[in-house]
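Trainee: Single-letter residue listing:
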Amino acid sequence: MSSPRTAGLAVLRRPRAPAAAGLLTLGVLAIAWPQLVGSSALFFWETTVIAVLFATSVNLLFGGGRIPSFGQAAFYGAGAYAVAEAASRSWPVPLALLLAVVVAGALAMVTSLITWRAAGLAFAMLTLAIAQAIYTLVVQVSWLGGYNGIPGISVPALAGINFYNPANLWYLDVVCVAIGMLVFWRVMHSPFGHTLNSIREDPVRAAFLGVNIRAYRAVAFTIAGCGAGLAGGLFAYVNQVVTPDSLYWTQSATPIIMLLLGGITYYWGPAVGAVLLSALLNYLTQATTNYLLYIGLLLLAVLIVMPRGLLSLPTVVSDLWSRGRVASGSRSSGARTGLVPVGSSTDTVAMPGEQDQENPP
Amino acid sequence: MAPRELAVRDLHAYYGAAHILFGIDLAVPGGSTLALLGRNGAGKTTLLRSIANAGVRTTGSVRYGETELRSLAPHKAARAGLQLVPEDRRIFTRLTVRENLRLAGSGASPDRPAVGVDRILDLFPMLKDLLTRPGYALSGGEQQLLAIARAMVANPALLLLDEPSEGLAPRIVEQVGEAVRRLQSEFQLTAILAEQNTGFAVDLADEVCVLDGGSVVYQGRTSEFAAAEAVRHRYLAV
Chain Y
946 MSSPRTAGLA VLRRPRAPAA AGLLTLGVLA IAWPQLVGSS ALFFWETTVI AVLFATSVNL
1006 LFGGGRIPSF GQAAFYGAGA YAVAEAASRS WPVPLALLLA VVVAGALAMV TSLITWRAAG
1066 LAFAMLTLAI AQAIYTLVVQ VSWLGGYNGI PGISVPALAG INFYNPANLW YLDVVCVAIG
1126 MLVFWRVMHS PFGHTLNSIR EDPVRAAFLG VNIRAYRAVA FTIAGCGAGL AGGLFAYVNQ
1186 VVTPDSLYWT QSATPIIMLL LGGITYYWGP AVGAVLLSAL LNYLTQATTN YLLYIGLLLL
1246 AVLIVMPRGL LSLPTVVSDL WSRGRVASGS RSSGARTGLV PVGSSTDTVA MPGEQDQENP
1306 P
Chain G
96 MAPRELAVRD LHAYYGAAHI LFGIDLAVPG GSTLALLGRN GAGKTTLLRS IANAGVRTTG
156 SVRYGETELR SLAPHKAARA GLQLVPEDRR IFTRLTVREN LRLAGSGASP DRPAVGVDRI
216 LDLFPMLKDL LTRPGYALSG GEQQLLAIAR AMVANPALLL LDEPSEGLAP RIVEQVGEAV
276 RRLQSEFQLT AILAEQNTGF AVDLADEVCV LDGGSVVYQG RTSEFAAAEA VRHRYLAV
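In the order they appear, the protein sequences are chains Y and G. As numbered in the numbering used here, residues 946 to 1306 make up the first sequence, in order. As numbered in the numbering used here, residues 96 to 333 make up the second sequence, in order.
Treat each hint with caution, since some may be false.
As the list claims (entries may be wrong) - Sample of chain Y residues with no beta-carbon within 10 angstroms of chain G, all distances over it, derived: (1) L1043; (2) A1063; (3) Q1085; (4) P1136; (5) T1140; (6) F1153; (7) W1194; (8) A1232; (9) S1257; (10) S1263.
Stated by the list, open to error - Label-pair ranges, simulated between beta-carbon atoms: (11) H114/G <-> S1135/Y: 40 to 48 angstroms; (12) R228/G <-> I1240/Y: 39 to 47 angstroms; (13) R1131/Y <-> P205/G: 26 to 34 angstroms; (14) L1243/Y <-> D183/G: 35 to 43 angstroms.
Keep in mind the hints are simulated off the structure, nothing from the lab. Please read these numbers as outputs of a predicted model, since none were measured by experiment. We put the CB at the ideal spot given by N, CA and C, even for glycine.
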C-alpha cells in the first residue's frame, strides 16, 4: 500500500527537502504504526488523526479568514449520522463518505446563508445556536435513535480489503485524513486562500479592492463543513456507534482548543494541537478525575507564553535570545543603551489597526 | 469602455454628529485628473471616502456616469470601476507583493477586464524584484507603489489617490509621480489626486479644486490656477 502522506508530494509545487523528508517520515510512520503501537492502541490513534483533520478544517475558518464558528459540531455530527445511515443500507465506503461530505457541506452552506449578514460575535453565537438547535432536533428524532444514537455501524469490505482487521481500518482512516489534509493545504495556498487571508487581515480594504467578503466567507464555511463532515463520517466507522454527543457544543469547542494550542496561523498548528490534546486527554482521564483543570492550566500557560501557539516556540525562543544579546551588548557598551536594531522607522510597517467596520455595508 | 464623468452634487458628509463637508459640487470630466488641494483638515480625505462610500455618512449624490456610487456596497463599487488608494496604503502585510497584486483582480468589472500582473509590473518595474517579499518587509515608498499598482490590477475607470506623496523622500515622490503619469497615458481613467504637496499634484492634473473648511473655494483648469495667486496664498500657504 502506498503511503498516504507521501501522496501529497506530487502536488506540492516546490517540495523543499525538509518538508519532503518530514512528509516521508509521516508516511513511513503511518504504514508502520499498527505494528509499532499494537492493535489495542489503534482506536485511540484513529480518533486522533480524525481530530487532526477536524481541527485543520476548523482552522480554515479561524486561521484562514477570522471566521469564528462555534458550531462545527453540527457538520461533524451530520457526517457521522450520514455514514451511519449509509452503513445500515450497506453502501460502499467511498460512497458513504462522499454522502457525509455532501450532507455536511450542504448543511454548512445553508448555515452560511442564514448567517450571511452576521460577523464577529454575532456570527459565533448564531453558529452555536444553529448547531445546538440541530442537536436538540436529532435527539427527538426516533429514526436517528434519539439519545441512544445509531449503534452497530460496520465497515463493508472494499475491493477485497476486510476492515474487521484493525490495521486495515487504520489505513482507511489515514488515507482519507491525508486526502482531506491535502485538500486543505491546496485551498489555503491557492488564490482563494490568499484572498481569505486578506479578509482576515483587513476586511474593509479587501472589500474596497472588490472582494465579496460575505461570499468568500460562505464558501470557506462550506469547505470547512465538508472537512468536518469527512472527519465525522470516519469517526462513525471507527467508533461503530454514533450518538448525539457528536453534535453537542463541546464537540465544537474541542478543535478550537486544539488550534489555539498548536497555533492558529500555522498549517500544522491544529494537527500538533490535536495530537497533544488527544494524548493528554487519554492519559489524564486514566490518572485523575480533575483532568479538565490540568488541560485548562496548560492552555492558559501556552497562551500566556506563546500566544501564537506551540509552533511559535522557535520564534519566541529566538526573540528572547536576540533580546538577551541586545541587553548584554548594551551593558558592555554604554553608548548604545536602549537601542534596539529593528531597522529605521521608515523601513518598517505599522500593523493595520483594529477594524471598526468588520462587516461593511 | 471610455472613462465617464464623475459628478458630485450637494454632498454633505458626517462623522457621527460632526458635519464635515458642506454641499460639495464637483465635476471631473471623463479621462481627466483633478488635483484636490487644501490644508490639513480641509476635508480632502473625507471627500474621497464619501465618493467611495467608505464609512462616512453622506447625503446628496455621487454619480459616475449613470451609476450612483452612494448606494453601492464596496465590492460592487469596485466592480463598477472605482478604486481608492487610501492614505495609509493598507497593504496586506502577511501576503507577498505578488499575492497582494493578484487578489486585486477580483475588483475588475465585466466591461473592463483585469490587467495582467505582468503588465502592471512593466509599469512599476521597481516591484519586479520584490514579488516574493511579504508586505510587512516593504519600505514606505515600496508600499505606496504597491498600493497604486494593486489598485490598477482591477483596471479601474475611476481612481482616487489619497496623499500618495505623504511621508516619502523626494526621490520616491518622483517615482510615484512617474508611475501616475504612466497610468494616465496607458489607461483611460478619471482620477482624483488629493494632496498637500501642491506642486506635485498640479504637475499631474488637468483641473484643480481647492477645499477649505469642508467647502469648495476654488475650481478651475491648472493653467488658470497658476495665475490664481490669491487663492494659493489664502487657502494653501502654510
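Trainee: Next step is simple, just say for each hint if it's right about the structure.
Mentor: Against the structure, the hints:
| no. | hint | in the structure |
| --- | --- | --- |
| 1 | L1043 | holds (30 angstroms) |
| 2 | A1063 | holds (16 angstroms) |
| 3 | Q1085 | holds (40 angstroms) |
| 4 | P1136 | violated (6 angstroms) |
| 5 | T1140 | violated (5 angstroms) |
| 6 | F1153 | violated (5 angstroms) |
| 7 | W1194 | holds (31 angstroms) |
| 8 | A1232 | holds (41 angstroms) |
| 9 | S1257 | holds (14 angstroms) |
| 10 | S1263 | holds (17 angstroms) |
| 11 | H114/G <-> S1135/Y: 40 to 48 angstroms | holds (46 angstroms) |
| 12 | R228/G <-> I1240/Y: 39 to 47 angstroms | holds (40 angstroms) |
| 13 | R1131/Y <-> P205/G: 26 to 34 angstroms | holds (28 angstroms) |
| 14 | L1243/Y <-> D183/G: 35 to 43 angstroms | holds (39 angstroms) |
Hint violations for this structure: numbers 4, 5 and 6, all remaining hints satisfied.
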